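2 protein chains.
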Amino acid sequence: MNMELTPRKKAVLRALIEDYIQYAEPVGSKTLVERRGLEFSSATLRHEMVELEEMGFLAQPHISSGRVPSPRGYRLFVDELMEYHGLSEIERETIDASMRLKAKELDRLIVKAGEFLSLLTRYTVYALTPRIDQVRLLRFDLFTAGDDTFVIVVVTDVHTVKNKVVRPPFPPAEGALRRLTAVLNDRLTGLVLRDVTQERMRSVTRQAGEAGVYVPYVAGFLAELLEEFDEREAFLAGQSHMLGHPEYHDILKARRLLEYLSDGRELTRLALADSDGSVRFVIGPENEAEELRDTSVVTASYRIGGNLRGFIGVVGPTRMDYARLSSRLAYFASRLGRLLSGGEEEAP
Amino acid sequence: MNMELTPRKKAVLRALIEDYIQYAEPVGSKTLVERRGLEFSSATLRHEMVELEEMGFLAQPHISSGRVPSPRGYRLFVDELMEYHGLSEIERETIDASMRLKAKELDRLIVKAGEFLSLLTRYTVYALTPRIDQVRLLRFDLFTAGDDTFVIVVVTDVHTVKNKVVRPPFPPAEGALRRLTAVLNDRLTGLVLRDVTQERMRSVTRQAGEAGVYVPYVAGFLAELLEEFDEREAFLAGQSHMLGHPEYHDILKARRLLEYLSDGRELTRLALADSDGSVRFVIGPENEAEELRDTSVVTASYRIGGNLRGFIGVVGPTRMDYARLSSRLAYFASRLGRLLSGGEEEAP
DNA sequence: TTTAGCACTCATAGTATCCGAGTGCTAACG
DNA sequence: CGTTAGCACTCGGATACTATGAGTGCTAAA
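Residue numbers (the working numbering), protein chains in the order written: chain A, 3 to 350; chain B, 3 to 350.
Hints are computed from structural coordinates only; laboratory data are not their basis.
Only a predicted model underlies this, so the values are computations on that prediction, with no experimental measurement involved.
Glycine included, C-beta positions come from ideal geometry on N, C-alpha and C.
Take the hints with a grain of salt, since some may be wrong.
Listed below are the simulated DSS-like cross-link pairs for lysine-lysine, each with C-alpha atoms no more than 25 Å apart in a straight line [what the hints assert, rightly or not]: (1) B/114 <-> A/166; (2) A/12 <-> A/32; (3) A/164 <-> B/114; (4) A/32 <-> A/114; (5) B/164 <-> B/114; (6) A/114 <-> B/114; (7) B/255 <-> A/255; (8) B/164 <-> A/114.
Chain A stretches covered by chain B per the calculated footprint, using a threshold of three residues with CB under 8 Å from any CB of chain B [unchecked claim]: (9) 64-70; (10) 107-116; (11) 153-159; (12) 163-174.
Generate coordinates for the entire structure from the input sequences, incorporating the hints supplied.
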């Protein structure tokens with residue numbers, strides 16, 4: 003028996019997968035002729051299908067039904083067979099328009115982007131913010147605000163300025179804060195956040211004189227920032243789309259999946275894309291998590307500035323419209339990266 | 003026929019509703035005796051049930067089945083019949099512990115709170131931030147950051163400090179920004195954001211000399227802030243819980259509802275609680291939105307500081323555990339308000 | 001190598017039947 | 001007169017059986 007993937011076998015497999023993606027029903031030899039227009043008799047196709055099944059690319063739900071792609075089949079499809087859809091001008095414009103988001107904080111922006119992507123693709127979407135392990139401190143500013151509080155503002159070199167309002171037991175004097183600000187800017191700016199040691203903070207305290215009593219607040223804030231920057235935040239959008247696919251008409255399955263996805267920690271562990279721009283497919287059992295074994299995840303990454311990478315992706319049944327999806331996702335991610343890197347007047 | 007709500011009728015109705023809430027199955031006269039321990043024969047209870055049905059408190063899915071509470075029945079139940087569960091010490095502590103949230107931004111805090119409430123109640127939760135129509139400007143600060151950008155920081159009297167990074171076509175000089183900052187603080191602090199007129203900004207420009215070229219950036223930022231503060235933000239959490247209730251085993255129903263709820267604008271229009279602390283129930287057809295006609299919404303409000311009110315609530319089938327829910331929700335909302343009003347060192 | 005023909009498989013839909021929880025009504029009881 | 005036992009009746013849901021037809025694998029001829 004011919005166990006090579008002849009061009010004809012590829013054509014059959016491709017036609018079958020495309021049909022199954024569209025109609026979500028096992029595809030028979032006759033359907034292949036009638037609906038996909040393959041120029042062979044159904045008997046010939048049956049031969050091919052038997053061999054494709056033996057090669058592991060197809061499966062049969064039961065003995066007398068049509069064929070269904072196996073995960074390996076999908077894998078071959080996305081790697082070699084599928085034809086990438088180009089985007090129409092209109093689609094490009096829709097995506098571009100969606101990027102005019104007003105939010106200023108990174109995470110709000112990502113959430114909005116995810117919601118839009120979910121609207122666009124009609125799949126459930128997850129998004130991960132970048133893990134920011136190298137934040138550089140650019141500037142400090144401390145000033146009083148209200149009766150007995152003061153504000154610490156820290157400017158970093160990534161997309162955000164962070165601040166905190168502090169209420170110390172002893173009311174801060176404007177002059178003392180000004181002095182402390184000067185010392186902080188003198189001693190700490192230009193440093194990477196991770197490199198701000200206790201030793202350095204002690205030297206700030208020494209230099210700050212009486213304003214030194216406020217140093218612990220600054221140190222505490224920096225510690226919080228370090229922690230906050232260091233972990234990715236995860237978001238999910240468009241959960242209701244999951245219920246639109248027939249494979250999740252089993253309510254228990256749908257529920258388990260959504261429950262799994264709503265755990266941010268699990269999301270963070272989810273498939274991450276390989277390299278910028280390109281799209282990664284993780285198909286069914288290729289997923290590590292038990293809960294995703296019959297689910298596919300398609301991910302792209304977006305870049306902020308130089309080396310910060312966040313991820314945005316789509317979750318759905320293995321029978322996803324990979325071809326259509328991947329081009330949209332890739333374009334979307336590249337646009338998102340551009341937006342966040344400050345194509346607008348936004349961002350340092 | 004006795005059309006008055008005798009104490010016995012109330013007892014029957016209450017027992018029936020409690021049973022239905024627990025088991026989600028039409029309740030028969032025999033069940034009332036055996037499971038709820040009513041001290042009458044099933045025949046007597048059948049008499050009562052006929053009358054309760056005629057009064058509109060019960061309904062019968064079909065002629066030979068048990069009874070189910072009608073929306074009017076639930077209404078009576080929450081208004082008069084149900085017995086509020088107290089919270090155990092452990093539950094109180096669990097809620098209190100959940101309030102030690104690290105997030106600094108208001109909306110992130112609300113999201114986290116909503117996620118926790120959903121975990122606690124096992125229902126889908128929605129949350130609305132307060133509508134902040136009276137923001138007072140406390141302080142401005144402008145400074146350069148990086149090569150050709152500068153940062154505008156605005157401190158307000160509500161829970162947040164806002165900032166924006168701006169990249170003007172002409173690099174800003176440190177001195178000019180210092181001067182502009184001084185003018186802004188002189189002319190605008192203490193004002194309510196809404197009262198910052200174009201006229202006022204023009205006078206700032208005049209006073210700022212050469213730094214006046216940067217005033218439009220500040221004005222633009224203030225306009226954005228006004229818009230941002232003025233609208234509530236809406237969040238949804240725990241969507242997967244919806245699928246846990248048998249009334250949403252109809253996937254189409256579940257999907258429609260989740261789709262409706264994932265539209266933030268619709269959420270904003272959702273039932274709002276009446277007064278602080280107390281909990282409001284909107285039962286099935288009492289909802290204005292068509293999509294919520296067989297869904298109940300239970301809402302509480304939380305206060306930030308003096309007069310800002312946000313809402314947090316729970317969405318589920320009309321067969322909700324109102325008694326258990328309301329006490330938990332009320333306590334949760336009051337705790338949330340306390341947290342946000344600055345029980346911690348947080349917030350101006 | 002391809003295709004027509006054919007017997008075979010089996011999921012699905014449709015139909016018939018049964019079961020029993022629950023009802024409403026009536027008559028007897030305290 | 002309110003309460004209860006008894007009973008015929010209803011009807012949704014479970015179970016069993018059958019028919020249908022899409023799809024198969026195999027064989028033999030083109």
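Quick rundown of the hints versus the structure:
Distance restraint check for residue 114 of chain B and residue 166 of chain A: the Cα-Cα separation of roughly 19 Å lies within the 25 Å cut-off, and the hinted pair is therefore satisfied. Distance hint between residue 12 of chain A and residue 32 of chain A is fulfilled; the C-alpha atoms sit about 17 Å from each other, no more than 25 Å. For a cut-off of 25 Å, the pair hint linking residue 164 of chain A to residue 114 of chain B stands: about 19 Å separates their Cα positions. Between the alpha carbons of residue 32 of chain A and residue 114 of chain A the distance comes to roughly 45 Å, so the proposed pair goes past 25 Å and is violated.
Pair hint residue 164 of chain B plus residue 114 of chain B holds up; C-alpha atoms about 21 Å apart against a cutoff of 25 Å. Distance restraint check for residue 114 of chain A and residue 114 of chain B: the Cα-Cα separation of roughly 17 Å lies within the 25 Å cut-off, and the hinted pair is therefore satisfied. A threshold of 25 Å between alpha carbons decides the hint, and for residue 255 of chain B with residue 255 of chain A the separation of about 17 Å falls inside it, so the pair holds. For the hint pairing residue 164 of chain B with residue 114 of chain A, the CA-to-CA distance comes to about 19 Å; that is within 25 Å, so the pair holds.
With a threshold of 8 Å between beta carbons, the proposed coverage of the region 64-70 of chain A by chain B is violated, since 0 of its residues qualify and at least three are required. For the region 107-116 of chain A, the proposed coverage by chain B is satisfied: 3 residues have a C-beta within less than 8 Å of a C-beta in that chain, meeting the threshold of three. With 4 residues bearing a CB less than 8 Å from a CB of chain B, the region 153-159 of chain A meets the requirement of three and the coverage assertion stands. Under a criterion of three residues with beta carbons nearer than 8 Å to beta carbons of chain B, the stated coverage of the region 163-174 of chain A is upheld, 7 such residues being counted.
When each numbered hint is compared with the structure, violations occur for hints 4, 9.
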